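Generate the whole structure from the sequences, applying the supplied hints.
The residues making up each chain are set out below.
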Amino acid sequence: MTSLPSAGSVGIWTRSVLRRQPLLPVLVTLLVILAAWYDGFATVANLRNIAVQASPLTIAAVGMTYVIMTSGIDLSVGSMLFLAAAVESSSALIDQPAIGVFLAIGATGLLMGLVNGLAVAMTGVPALIVTLATMQAFRGAGGHITGQQDISLPEGLRGIGTGSLLGVPTPILLAAVTALCGGLVFSRTRFGRYVQAVGSNHGAAVDAGLPVRTVLIGAYALAGVLAAVASLTQTARLGAVQPSIGQGFELTVITAVVLGGTSLFGGRGSIGGTVLGALVLTTVQTGLVFSGSSPYVFDIVRGGVLLVAVLAAGARWRVLARTVGLTSRRRPANAGRADTAGSA
Amino acid sequence: MLPALILLIVVLSFLTDGLLAKSNIINVFSQSAVVAIAAIGATFVILTGGIDLSVGSVIGASGVASAWVMSTTGSLALGIAGGLFAGAAIGALVGATVAKLKVVPFAVTLAGLYVVSGCTTLLVHGKTIGPVPTGFIQFSIDGPGGVPDSVWLAVVLYVLAQVALTRTKWGRRVLHVGANVEVARISGIRVARTTLSVYAVAGLFSAIAGVVLTSGLAGASASMGSPLLLNVVGAVVLGGTSLAGGRGSLLRTGIGVLFLGFLSNGMSLLGLQDYDQQIVTGAFIFLAASADGLARWLRRRSTARRGPSDPQPQAAGMATG
Numbered sequence: 008m009t010s011l012p013s014a015g016s017v018g019i020w021t022r023s024v025l026r027r028q029p030l031l032p033v034l035v036t037l038l039v040i041l042a043a044w045y046d047g048f049a050t051v052a053n054l055r056n057i058a059v060q061a062s063p064l065t066i067a068a069v070g071m072t073y074v075i076m077t078s079g080i081d082l083s084v085g086s087m088l089f090l091a092a093a094v095e096s097s098s099a100l101i102d103q104p105a106i107g108v109f110l111a112i113g114a115t116g117l118l119m120g121l122v123n124g125l126a127v128a129m130t131g132v133p134a135l136i137v138t139l140a141t142m143q144a145f146r147g148a149g150g151h152i153t154g155q156q157d158i159s160l161p162e163g164l165r166g167i168g169t170g171s172l173l174g175v176p177t178p179i180l181l182a183a184v185t186a187l188c189g190g191l192v193f194s195r196t197r198f199g200r201y202v203q204a205v206g207s208n209h210g211a212a213v214d215a216g217l218p219v220r221t222v223l224i225g226a227y228a229l230a231g232v233l234a235a236v237a238s239l240t241q242t243a244r245l246g247a248v249q250p251s252i253g254q255g256f257e258l259t260v261i262t263a264v265v266l267g268g269t270s271l272f273g274g275r276g277s278i279g280g281t282v283l284g285a286l287v288l289t290t291v292q293t294g295l296v297f298s299g300s301s302p303y304v305f306d307i308v309r310g311g312v313l314l315v316a317v318l319a320a321g322a323r324w325r326v327l328a329r330t331v332g333l334t335s336r337r338r339p340a341n342a343g344r345a346d347t348a349g350s351a
Numbered sequence: 233m234l235p236a237l238i239l240l241i242v243v244l245s246f247l248t249d250g251l252l253a254k255s256n257i258i259n260v261f262s263q264s265a266v267v268a269i270a271a272i273g274a275t276f277v278i279l280t281g282g283i284d285l286s287v288g289s290v291i292g293a294s295g296v297a298s299a300w301v302m303s304t305t306g307s308l309a310l311g312i313a314g315g316l317f318a319g320a321a322i323g324a325l326v327g328a329t330v331a332k333l334k335v336v337p338f339a340v341t342l343a344g345l346y347v348v349s350g351c352t353t354l355l356v357h358g359k360t361i362g363p364v365p366t367g368f369i370q371f372s373i374d375g376p377g378g379v380p381d382s383v384w385l386a387v388v389l390y391v392l393a394q395v396a397l398t399r400t401k402w403g404r405r406v407l408h409v410g411a412n413v414e415v416a417r418i419s420g421i422r423v424a425r426t427t428l429s430v431y432a433v434a435g436l437f438s439a440i441a442g443v444v445l446t447s448g449l450a451g452a453s454a455s456m457g458s459p460l461l462l463n464v465v466g467a468v469v470l471g472g473t474s475l476a477g478g479r480g481s482l483l484r485t486g487i488g489v490l491f492l493g494f495l496s497n498g499m500s501l502l503g504l505q506d507y508d509q510q511i512v513t514g515a516f517i518f519l520a521a522s523a524d525g526l527a528r529w530l531r532r533r534s535t536a537r538r539g540p541s542d543p544q545p546q547a548a549g550m551a552t553g
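Taken in order, these protein sequences are the chains called A and B.
Mapping to our numbering: the first sequence position 35 is 42, numbers consecutive.
Mapping to our numbering: the second sequence position 60 is 292, numbers consecutive.
Quick caveat, the hints were computed from the structure, so don't treat them as lab data.
Note that the structure is a prediction, hence the values are computed from the model and not measured.
A virtual CB, placed ideally from N, CA and C, is assigned to each residue, including glycine.
Among the hints, a few may not be true.
Computed far set for chain A versus chain B, every beta-carbon distance over 10 Å [unchecked claim]:
hint : residue
1    : 23
2    : 24
3    : 27
4    : 39
5    : 59
6    : 135
7    : 194
Each computed SDA-like pair below joins lysine to any residue, with the alpha-carbon atoms no more than 20 Å apart [as the list claims (entries may be wrong)]:
hint : chain 1 : residue 1 : chain 2 : residue 2
8    : B       : 332       : A       : 315
9    : B       : 334       : A       : 318
10   : B       : 332       : B       : 425
11   : B       : 359       : A       : 272
12   : B       : 401       : B       : 429
13   : B       : 332       : A       : 272
14   : B       : 254       : B       : 239
15   : B       : 359       : B       : 306
16   : B       : 332       : A       : 321
17   : B       : 334       : B       : 411
Given below as structure tokens:
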């Protein structure tokens, strides 16, 4: 889905990009309006700041894209972020080298994702309920570790939030690498195709003999690991772990994914769209900061954006379904069948 | 679920002192009243196969509305009416979005959760609204037989709701829509209207819970209901009402509410911190939700090992059910 047509004039190419990523003009328009409206918005420092702020959101949203693509959901993402951050700040790891801490955080994310994934895949309980329960349990566990205190991080761990490589801040690099790998895995690997197949038609995927449970567990595990990576960039930038970290994060992440064109019913979507969704949301948030409005306004805005995005997705799908030329290429049922042939 | 509740009470009464003292049992009931009332609405929503994540925000919004009307007009009745109206109106709006615009309930109510709490916080500038009349505060403290009025109210509402579910046309429509939307539509039920009404009713029960919580806290703030979401949904799940819709009852939800009430009370008696209580509550709801499916999976595994045939019961079930 990320690959572009190889031939054709610039006009066709542009139209193709716009068709695949209708969010791109939205982002550009938004940036232009905000730059015209507020002095100091269109500075390199501010644009870099937007990209840095969008990094944890992008990383977590790539994981969430996989989960939603299987027609699942993960409400626990904010609590996973907090628990991973709590592990990072725990006194047991205080004297460890940075690499050891990173591994511990990754393992924590994997473990949390496996808990969600195993419950969803093995029991058939709606992911909504499973992750609502783990949302509470993970946050409690994080509170247990931190004792509900603010804990500042040692200097060595902050580097990942404040450092840079060749002039590019590390959070942006991490987000870019995550998005790139996420996109490649999605479009070029068997796992990626299976995720789409399971999401577009669960029953058909089972009948076709796909390893549906493994795919589901994999998607949630990936979301857990990426939530942990997101927590690394987030806490390193803040320099501290606070009990409120990640609260309401699930709404932002899910909104970014849905805004990016991934269907809540599964099967359809793209990582590129998710990245754009995260950038649009962060731009809106920065614009609200520039306007001096209360942070609660962003609560209302992102809730509204989620609703509009879901409504628009429904409308777009109906339009697409009528336009045969478009649907025949992207119809999820086809993806399922193609994968069936490739597996076994 | 009843055996699990009894087992929990027996275990906790061995672990703690005074769990079964009369004053403590009244304490458990009065602390459960708010969740119990909100869980009635959540039960109806889940019976239709939906979910309402906005319940905590609606509790906050309607509590704030009632406290604000009470403190500005000085009238208890107007305040309660204002709170109930606010909750039912938000519920109807959510229901209209789910039923008419066909947006999945979880997306609508997740958005609603933050939109409603954001609006409420902005309207009251993050402050707690009060004072409320002392007679109103008494409602959550005392009542006939030493049991607070709020508990009696919850009991009456459960009886009424159970009657509405099992003995009225509306209740049967709710169950039919939850059991199978297509069959319900074919048999002449106006599905959209029923769904809308269910969310409006859920908003009304959240509002009643919000008013009761306002009386218990002697004031209202926008965020006061947000920690209650998991307990409300969890009580319905623990009670054993099917998340797929169509099967369940308020009796089950009531047992789920008491389970969580005794669990929380027992943990407090044991001196557990808030965050540790979160872990335990989350784990119990996680296990309760998974238990059924896990047992089914284990059974399937053992039959699969014994015999190779798998007649695809899903497709057959869909055709007949």
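Verification of the supplied hints:
1. Even its closest Cβ contact with chain B, about 29 Å, leaves residue 23 of chain A beyond 10 Å, as expected for a residue assigned away from the interface.
2. For residue 24 of chain A, the shortest C-beta to C-beta distance to chain B comes to about 27 Å, beyond the 10 Å cut-off, and the non-interface label holds.
3. Look at residue 27 of chain A: its CB is around 23 Å from the nearest CB on chain B, clear of 10 Å, so calling it non-interface holds up.
4. The non-interface label for residue 39 of chain A is consistent with chain B: the shortest C-beta to C-beta separation is roughly 27 Å, beyond 10 Å.
5. A cut-off of 10 Å between C-beta atoms confirms that residue 59 of chain A is not in contact with chain B; the least separation is 24 Å.
6. A cut-off of 10 Å between C-beta atoms contradicts the statement that residue 135 of chain A is not in contact with chain B; the least separation is 6 Å.
7. Against chain B, the non-interface label of residue 194 of chain A holds: every CB pair exceeds 10 Å, the least being about 26 Å.
8. Taking the CA atoms of residue 332 of chain B and residue 315 of chain A, the gap is near 14 Å; set against the 20 Å cutoff, the hint holds.
9. With a C-alpha separation of about 8 Å, the suggested pairing of residue 334 of chain B with residue 318 of chain A holds against the 20 Å cut-off.
10. Pair hint residue 332 of chain B plus residue 425 of chain B holds up; C-alpha atoms about 9 Å apart against a cutoff of 20 Å.
11. Between the alpha carbons of residue 359 of chain B and residue 272 of chain A the distance comes to roughly 39 Å, so the proposed pair goes past 20 Å and is violated.
12. Distance check on the hinted pair: residue 401 of chain B and residue 429 of chain B sit about 13 Å apart at the alpha-carbon level, within 20 Å; holds.
13. In summary, the hint linking residue 332 of chain B to residue 272 of chain A is supported, as the alpha carbons are separated by about 18 Å, within the 20 Å threshold.
14. Only pairs whose Cα atoms come within 20 Å are accepted, and residue 254 of chain B paired with residue 239 of chain B is accepted, the gap being roughly 19 Å.
15. Our distance criterion of 20 Å between C-alpha atoms is met by residue 359 of chain B and residue 306 of chain B, whose separation comes to about 19 Å.
16. Under the criterion of a C-alpha separation no larger than 20 Å, the hint pairing residue 332 of chain B with residue 321 of chain A is consistent with the structure, at around 13 Å.
17. Pair hint residue 334 of chain B plus residue 411 of chain B holds up; C-alpha atoms about 18 Å apart against a cutoff of 20 Å.
In this structure, the earlier hints numbered 6, 11 are contradicted, and the remaining ones agree with it.
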